[in-house]
Amino acid sequence: MNEPTPLQIRADQIYRSMGLTEAEYERICQILGRLPNYTELGMYAVLWSEHCAYKHTRPFFKLFPTSGERILQGPGENAGVVDIGDGWAVVFKVESHNHPSAIEPYQGAATGVGGILRDIFTMGARPIASLNSLRFGELSDERVKYLFQGVVAGIAGYGNAVGVPTVGGEVYFDDGYAGNPLVNVMAVGLVRHEMITKAVASGVGNPVMVVGAYTGRDGIHGATFASEELTDASEEKRPAVQVGDPFTEKLLIEACLELIESGVVVGIQDMGAAGLTSSACEMASRAGSGIELDISLVPRREPGMSAYEVMLSESQERMLVVPKKDAVDTVKAIFAKYGLPAVVVGKVTDDGMIRVFDGPDLVAEVPAKSLSTDGAPTYLREAKPPAYLEQTRSFDSSSIRVQSDYTVDLLNLLDSPTIASKRWVYRQYDHMVQLNTVVVPGAADAAVLRVKGTSKGIAVTIDGNGRHVYLDPYQGALGVVAEAARNLVCTGAQPIGLTDGLNFGNPEKPEVYWQLQQAIRGLADAARELDIPVAGGNASLYNESSGRPIYPTPIVGMVGLLEEIDNRMTSDFKAEGDVIALLGWLGTELGGSEFVKLKTGQALGYPPRIDLAKEKALQQACLAAIANGLIRSAHDISEGGLAVCIAESCIQANLGAAVTLPWEGRPDELLFGESAARIVVSLPPANWEELWKVASESKVPLTKLGVVTDGEVTFTAFDGRPLVVTHVDKLAKAWEDSLPKRLR
Amino acid sequence: MYKAAIKVILKPGVLDPQGKAVASGLASLGFSQVKSVRVGKYIEVLLDASSQQEAAAQVEEMAKRLLANPVIEHYELTVELVEGEELV
Amino acid sequence: MYKAAIKVILKPGVLDPQGKAVASGLASLGFSQVKSVRVGKYIEVLLDASSQQEAAAQVEEMAKRLLANPVIEHYELTVELVEGEELV
Amino acid sequence: MRVAVVVFPGSNCDRDCHHVLSEVFGLDSELVWHTETDLSRFDAIILPGGFSYGDYLRSGAIARFSPVMESVTKAAERGLPVLGICNGFQILLEAGLLPGAMLVNESLQFRCHPQEITVEVDRTPFTFGIKPGTVLQLPVAHGEGNYFIDEAGLAKLEANRQIVFRYAGDNPNGSVADIAGICNEAGNVVGMMPHPERAAEALLGSTDGQQIFRALINYWEGRK
Ligand SMILES: Nc1ncnc2c1ncn2[C@@H]1O[C@H](COP(=O)(O)OP(=O)(O)O)[C@@H](O)[C@H]1O
Ligand SMILES: [Mg+2]
Chain D
859 MNEPTPLQIR ADQIYRSMGL TEAEYERICQ ILGRLPNYTE LGMYAVLWSE
909 HCAYKHTRPF FKLFPTSGER ILQGPGENAG VVDIGDGWAV VFKVESHNHP
959 SAIEPYQGAA TGVGGILRDI FTMGARPIAS LNSLRFGELS DERVKYLFQG
1009 VVAGIAGYGN AVGVPTVGGE VYFDDGYAGN PLVNVMAVGL VRHEMITKAV
1059 ASGVGNPVMV VGAYTGRDGI HGATFASEEL TDASEEKRPA VQVGDPFTEK
1109 LLIEACLELI ESGVVVGIQD MGAAGLTSSA CEMASRAGSG IELDISLVPR
1159 REPGMSAYEV MLSESQERML VVPKKDAVDT VKAIFAKYGL PAVVVGKVTD
1209 DGMIRVFDGP DLVAEVPAKS LSTDGAPTYL REAKPPAYLE QTRSFDSSSI
1259 RVQSDYTVDL LNLLDSPTIA SKRWVYRQYD HMVQLNTVVV PGAADAAVLR
1309 VKGTSKGIAV TIDGNGRHVY LDPYQGALGV VAEAARNLVC TGAQPIGLTD
1359 GLNFGNPEKP EVYWQLQQAI RGLADAAREL DIPVAGGNAS LYNESSGRPI
1409 YPTPIVGMVG LLEEIDNRMT SDFKAEGDVI ALLGWLGTEL GGSEFVKLKT
1459 GQALGYPPRI DLAKEKALQQ ACLAAIANGL IRSAHDISEG GLAVCIAESC
1509 IQANLGAAVT LPWEGRPDEL LFGESAARIV VSLPPANWEE LWKVASESKV
1559 PLTKLGVVTD GEVTFTAFDG RPLVVTHVDK LAKAWEDSLP KRLR
Chain U
1038 MYKAAIKVIL KPGVLDPQGK AVASGLASLG FSQVKSVRVG KYIEVLLDAS
1088 SQQEAAAQVE EMAKRLLANP VIEHYELTVE LVEGEELV
Chain P
1038 MYKAAIKVIL KPGVLDPQGK AVASGLASLG FSQVKSVRVG KYIEVLLDAS
1088 SQQEAAAQVE EMAKRLLANP VIEHYELTVE LVEGEELV
Chain B
1450 MRVAVVVFPG SNCDRDCHHV LSEVFGLDSE LVWHTETDLS RFDAIILPGG
1500 FSYGDYLRSG AIARFSPVME SVTKAAERGL PVLGICNGFQ ILLEAGLLPG
1550 AMLVNESLQF RCHPQEITVE VDRTPFTFGI KPGTVLQLPV AHGEGNYFID
1600 EAGLAKLEAN RQIVFRYAGD NPNGSVADIA GICNEAGNVV GMMPHPERAA
1650 EALLGSTDGQ QIFRALINYW EGRK
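Residue numbers (our numbering), protein chains in the order written: chain D, 859 to 1602; chain U, 1038 to 1125; chain P, 1038 to 1125; chain B, 1450 to 1673.
Wrong hints could be hidden among the right ones.
Chain U side only, calculated, beta carbon under 7 Å to chain D, not exhaustive [as the list claims (entries may be wrong)]:
hint, residue
1, Leu1052
2, Ala1064
3, Leu1066
4, Gly1067
5, Leu1114
Here are the simulated DSSO-like pairs of lysine-lysine, each with C-alpha atoms no more than 30 Å apart in a straight line [unchecked claim]:
hint, chain 1, residue 1, chain 2, residue 2
6, D, Lys1591, D, Lys1562
7, U, Lys1072, P, Lys1057
8, P, Lys1057, U, Lys1101
9, U, Lys1078, D, Lys1003
10, D, Lys1227, D, Lys1056
11, U, Lys1040, P, Lys1040
12, U, Lys1072, P, Lys1072
13, D, Lys1195, P, Lys1101
14, U, Lys1044, P, Lys1044
15, P, Lys1040, U, Lys1078
16, U, Lys1040, P, Lys1048
17, B, Lys1523, D, Lys1195
Note that these hints are calculated values from the structure, not bench results.
None of these values were measured; they are calculated from a predicted model.
From the three backbone atoms N, C-alpha and C, an ideal C-beta is built for every residue, glycine too.
So here's chain D without its partners, still in its complex pose (with noise of 0.2 Å):
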């Protein structure tokens, strides 16, 4: 291949086609005081990306609270970490990887998986448990079911082969993602304080190591390629598509850790988006140092390769490894015992400057701080609210009509995608190895893990609900960290951490930088209320097809600590006769809900209000029941409202209710409502004065709404006027068949 020269490269305005603008390519000639060439420009343009120097959404991170007694790595690592007592810490992450699953469903989820792994074990930690949260178009598609299925078969030939349990999720379905989805994983880690290992190289003269599989010309530009829209032409840059081994990855995971536990690691980083180049800079700028490199000695699977293809090669299942200086022959022999090469490529210096050299030939000089995060050019747009919002929020619920009964309304929302049981998906995933999952997919709102050897329990969830966002951002994400934390909390589990996902259109149009503007303030508001520190986070913007961007979906993956895993709580009903309860307050939000979207197939309205001090207090309140033994389930109100929640407890145990709404108002609204800070409860009768004992210390509302039967269903209004009359066993149906039925 002929490369340009650097006066080629100006004059032909060649940085465009890399997706550097004019400004950042005269200031990368400003920060050499010369023209870059080839491999240069190549260099800053992945690592100036918006995937890579999150250039739209850094300026906001400073809004995020970041520390607390437990944090033991806030953001800026490959992971946060999170004490959580006895000498143990929990690291996790979340990552998208949405343009290369629209891509190649299977490999873009597949490498997904793989790429958060790596984030997980290059802190020392070993990897025991990941979670993904995913958005497609409707069903009705047949591309959508494709994407559908293609992705949860990536996820699960990827994440079952490593040996790390898929232990929980959530999927949407929405015409608002047919042309992009969403495929946004979450890794979670279990490592001993002494282990926890960061990415710096540090210490010059320190050999610098590639270890892992062989660089091939995968995925070469796959970071600027995430931070384009996706167009038809995409397809055409197939090629940044890359396939996933998930074999070497275990044996990647076993040598990394076999090496960190060795104790002759100075630093350690994977090699992600950006490859070699984004993880030489990384460590160095971390450390202050600076890094020089021969790709001549980079093993590689192609012949030919060029300094910039090997310098931007995408190929998974890599590390970059600074080990002590006289350590190389210990690395050598733990990864020769997995097979893996580990190859010295390079040292440590003091210059500050990442100098590549192919063989004798220096091909590119730069400064490493130029090239990290923090040297990237960052942006502040203009912002302005999106004119769909008039139009969403003129809707009144009352243009609904009210019926006199809802009991077809309710088999409906069970069998819609979103409402729907996801058995489909989760029974795809090993969700039990390393035996360790206690409470599986399915029986509860948050997956929870034990810790051996000790009497904790971690629960882990990820969450966001993206429509309740495009309607109203900043109450949307409020809405998002409650929910999550309100679906730990339904396990017994105190939330402890989180970790974020930003899933955006594109920032440059003022209406997509509005949106991202205020979820990030919702985001960090509300992490702050509830004293959950934000430990990390993710971006991925330009989410985009045919220039309609998706909903605004950020998402967050949190992380909750049982101190004895016995009290853990699940959230099917037990037993006939047991009393069933509201904990929380009335609520009748319909404005974004999916009743709305059955009856008018629109997003409408206003999201529910989002109080933070009484979603606080509700959540003390169902921890202090849970830890005192007072109840039996709990379930959070989300999706589908009350009446979707009570139909799930049925559900799972194949039990019933006999419920009476306490209150005059639309049944629509009292059963579909999606009001949060409500969480629904059953409990024997004998609990009753304990419980409420334990609510109203916190202040916080319990009504009793009905019984547990052996099957029947019936939800009933104030004035005796049944709503709902069904069995568990029509309820089950409609919900369990949804997903098998339309991918028939």
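Starting from the known structure of chain D, arrange chains U, P and B with the ligands on it as the hints suggest.
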């Protein structure tokens, strides 16, 4: 009746984890002469058509739409006239 | 250098879930002429050998020992002389 | 009792088996890397589940040539109890220590869920003392558990009482005759798709899997 044989192979440059694993498996079995291995799919389709040409056109269409994943794979196909109603 | 192409196919009588799925996939795409489909593997091996015959013998051995499982599969192979050191 | 848990590159239930053997049953369990060739110090061998060599080509096809497999074969011939779980079962099939072969699940999907199975015979070390007909609830987790054997082979399995477990209720993968596990003619080598190690602690939902390991211990104590 026509029988089409479609070979589906990963595009050059695309990582082939299976091929890699098979190559190292063969090496450890003592087949030291092996330089590289690629693993793809071999698909046989038995179909009715009015002519060889029509059969080929149909199968080409199938390969494009379902049998191969154009993002990472390419394919080669052959079609022949056969007797009988079953693939053996 | 020799390039061997090995087709590995399920034996008659062995249920082929993939073939069945592909057949019904094709049917639902409107390819109604399709009678049946079988899905197997297509493996390419690049190897050094002193003669075509030796290469074929070696590959036969590989197929017997590793590439195909005789309980469920049979194979066909061809070997040709090629230039170059890479499979493309 | 010393039990070897063989670790192939890509095994991922090795630690789980080891955990159950040592923490739940207090046995002297050891993780043995696939390059080891001497297994003479062990009283039983377990080939755990997972994805040896990524399950590339065919599950178990490459692992069965691991150096350790020669000693596994010898031990099996000597009559030592050998249990292959899931991928371990696939390896035993590929190695020819058990008859038949595995195909991809009929659904073409990986399946992970609790599954009821019936114990068919008590003549193996891993079902020793379990009444035939006993139903156990053990998780399955596999993509290639569709056991195949031709008619003659099946007749032989039935005649020799080599079918050790069958799926009760829904067959999760389409296996011939609902077969979930088989043994060799002598009975000492057993392969099973379900994971007994995943059902050995109450905290994880079922303790039925303990019966498999308890059977082995009883068998071994009876032979001492
Ligand atoms: N939305 C966000 N909120 C908080 N921290 C973030 C966010 N996005 C990125 N970060 C932090 O920026 C750092 C770099 O992120 P990223 O480039 O995704 O890391 P990696 O390349 O290791 O996946 C990480 O420490 C991450 O936690
Ligand atoms: Mg990283």
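Evaluation of the provided hints:
1. Leu1052: holds (4 Å)
2. Ala1064: Cβ of Ala1064 of chain U sits 11 Å from chain D, so the hint is violated.
3. Leu1066: Hint violated; Leu1066 of chain U Cβ to chain D Cβ min 15 Å, cut 7 Å.
4. Gly1067: Violated. Min distance 17 Å.
5. Leu1114: violated (21 Å)
6. D:Lys1591 / D:Lys1562: holds (28 Å)
7. U:Lys1072 / P:Lys1057: violated (35 Å)
8. P:Lys1057 / U:Lys1101: At roughly 19 Å apart (the allowed maximum being 30 Å), Lys1101 of chain U and Lys1057 of chain P satisfy the hint.
9. U:Lys1078 / D:Lys1003: holds (23 Å)
10. D:Lys1227 / D:Lys1056: This hinted pair holds, its Cα atoms lying about 17 Å apart.
11. U:Lys1040 / P:Lys1040: Given that 30 Å is the threshold and the Cα spacing comes to 25 Å, the pair holds.
12. U:Lys1072 / P:Lys1072: Violated, at about 39 Å.
13. D:Lys1195 / P:Lys1101: holds (29 Å)
14. U:Lys1044 / P:Lys1044: holds (9 Å)
15. P:Lys1040 / U:Lys1078: With a Cα-Cα distance of about 17 Å, the restraint between Lys1040 of chain P and Lys1078 of chain U holds, given a limit of 30 Å.
16. U:Lys1040 / P:Lys1048: Given that 30 Å is the threshold and the Cα spacing comes to 17 Å, the pair holds.
17. B:Lys1523 / D:Lys1195: holds (25 Å)
Checked against the numbered hints given earlier, the structure breaks hints 2, 3, 4, 5, 7 and 12 and satisfies all the rest.
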